[in-house]
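Generate coordinates for the entire structure from the input sequences, incorporating the hints supplied.
Letter by letter, the sequence shown follows residues 48 to 170 of this note's numbering.
Think of the hints as simulated: they come from the structure by calculation, not from any bench. Just so you know, these numbers come straight off a predicted model, no measurement behind them. Please note that a few of the clues may not be correct.
What the hints assert, rightly or not - Using 30 Å as the maximum straight-line C-alpha spacing, the simulated BS3-like pairs for lysine-lysine come out as follows:
1) 143 with 126
2) 75 with 113
3) 155 with 139
4) 65 with 127
5) 70 with 108
6) 77 with 65
7) 65 with 78
8) 70 with 113
9) 108 with 65
10) 139 with 149
11) 143 with 155
12) 143 with 127
13) 108 with 77
14) 113 with 155
15) 65 with 113
16) 78 with 108
17) 126 with 139
18) 127 with 113
19) 65 with 126
20) 75 with 108
21) 113 with 139
22) 127 with 70
23) 155 with 126
24) 139 with 108
25) 65 with 75
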Amino acid sequence: DIKSKGHDYTNALVLAQKFDLRKCVHQKEKKSVTAQQCIRDLVSTNNPEHFFVASGDVQLKNAIRKIPGVPVVIVNTRKKGLGLEDMTARSKAAMKTNEVNKVTPLDKETARLKRALLGEEKV
Numbered sequence: 048d049i050k051s052k053g054h055d056y057t058n059a060l061v062l063a064q065k066f067d068l069r070k071c072v073h074q075k076e077k078k079s080v081t082a083q084q085c086i087r088d089l090v091s092t093n094n095p096e097h098f099f100v101a102s103g104d105v106q107l108k109n110a111i112r113k114i115p116g117v118p119v120v121i122v123n124t125r126k127k128g129l130g131l132e133d134m135t136a137r138s139k140a141a142m143k144t145n146e147v148n149k150v151t152p153l154d155k156e157t158a159r160l161k162r163a164l165l166g167e168e169k170v
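In structure tokens form, the structure reads like this:
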């Protein structure tokens, strides 16, 4: 999609070529979708591939910010650097939930440990 935008996007094209790129899954299906829709479909609702998204498209960035755990990359061409936007409240909440779920023992696990440590009988 960058190539079709013309000379103004040459720097973006050169930068994009330095990263591993994913092929559009919609090409296999012979579907015509916008780059914005393709990227949103790629990260889906839970970003299973752990993608970062860098875009100047305000609508796309707003859509991506609604998906927890999808970092938005800031490209500063003047300073030739990359940065990350602050985490959204949704991402922070999802991260906290994941942390709690990892350390919270399952009911069966708790019961098994009580039996093993305290000699309590099955309930």
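Right, here's what the structure says about each hint:
1. 143 with 126: violated, 34 Å
2. 75 with 113: holds, 27 Å
3. 155 with 139: holds, 29 Å
4. 65 with 127: Roughly 14 Å between the alpha carbons, so the hint for residue 65 and residue 127 holds.
5. 70 with 108: holds, 20 Å
6. 77 with 65: The given pair, whose Cα atoms are some 27 Å apart, holds under the 30 Å limit.
7. 65 with 78: Cα-Cα ~27 Å, so holds.
8. 70 with 113: holds, 23 Å
9. 108 with 65: holds, 21 Å
10. 139 with 149: holds, 15 Å
11. 143 with 155: Judged against 30 Å, a Cα distance of about 23 Å means the pair holds.
12. 143 with 127: Not satisfied, since the Cα-Cα distance of roughly 33 Å exceeds 30 Å.
13. 108 with 77: holds, 26 Å
14. 113 with 155: It is violated: about 35 Å lies between the C-alpha atoms, which goes past 30 Å.
15. 65 with 113: OK: residue 65 and residue 113 at ~27 Å, within 30 Å.
16. 78 with 108: Satisfied, since the Cα-Cα distance of roughly 23 Å is no more than 30 Å.
17. 126 with 139: holds, 29 Å
18. 127 with 113: Measuring from Cα to Cα gives roughly 27 Å; hence the hint holds.
19. 65 with 126: holds, 17 Å
20. 75 with 108: Holds, because 26 Å separates the two Cα atoms, which is no more than 30 Å.
21. 113 with 139: holds, 12 Å
22. 127 with 70: holds, 26 Å
23. 155 with 126: violated, 54 Å
24. 139 with 108: holds, 17 Å
25. 65 with 75: Distance of about 24 Å is within 30 Å: holds.
Violated hints for the displayed structure, listed by number in ascending order: 1, 12, 14 and 23.
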